[in-house]
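Undergrad: Sequence:
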Amino acid sequence: MAAYCQVTGAIPGFGHSISHSHRRNKRRFDPNIQKKRYWVPSLRRNVTLQVSARGIKTIDVRGIDAVVTDLIAKGVKL
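Positions 1 to 78 (the UniProt record's numbering) are the ones given, in order, by the sequence shown.
Since the hints were made in silico from the structure, they are not lab data.
Possibly wrong hints are sitting among the right ones.
[Stated by the list, open to error] Here are the simulated lysine to aspartate or glutamate pairs, EDC-like style, with alpha carbons at most 20 Å apart:
id : residue 1 : residue 2
1  : K57       : D30
2  : K74       : D30
3  : K77       : D65
4  : K36       : D60
5  : K35       : D60
6  : K35       : D65
7  : K57       : D70
8  : K35       : D70
9  : K36       : D65
Construct the entire structure; sequences and hints are all you get.
TA: Shown next as structure tokens:
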């Protein structure tokens, strides 16, 4: 899954793009996914995560150790 945030679980949304004449076409709203590498002191190694912009802010607030602990508890392979 390319457009998936490992921290927040954000996935693409679907809808329509509407032209000026009000014709509707299917489109996809992708989350802002970034590939980030973090040093995790508890694991003593680097971890690469695919996170959205909101996921990066979550890591800044909670700390990488707490986020990685939750991911491991969910069974996400790091």
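Undergrad: Each hint needs a verdict: does it hold in this structure or not?
TA: Structure-based check of all given hints:
{"no.": "1", "hint": "K57 to D30", "verdict": "holds (18 Å)"}
{"no.": "2", "hint": "K74 to D30", "verdict": "violated (23 Å)"}
{"no.": "3", "hint": "K77 to D65", "verdict": "holds (15 Å)"}
{"no.": "4", "hint": "K36 to D60", "verdict": "holds (13 Å)"}
{"no.": "5", "hint": "K35 to D60", "verdict": "holds (15 Å)"}
{"no.": "6", "hint": "K35 to D65", "verdict": "holds (18 Å)"}
{"no.": "7", "hint": "K57 to D70", "verdict": "holds (16 Å)"}
{"no.": "8", "hint": "K35 to D70", "verdict": "holds (19 Å)"}
{"no.": "9", "hint": "K36 to D65", "verdict": "holds (15 Å)"}
Hint violations for this structure: number 2 only, all remaining hints satisfied.
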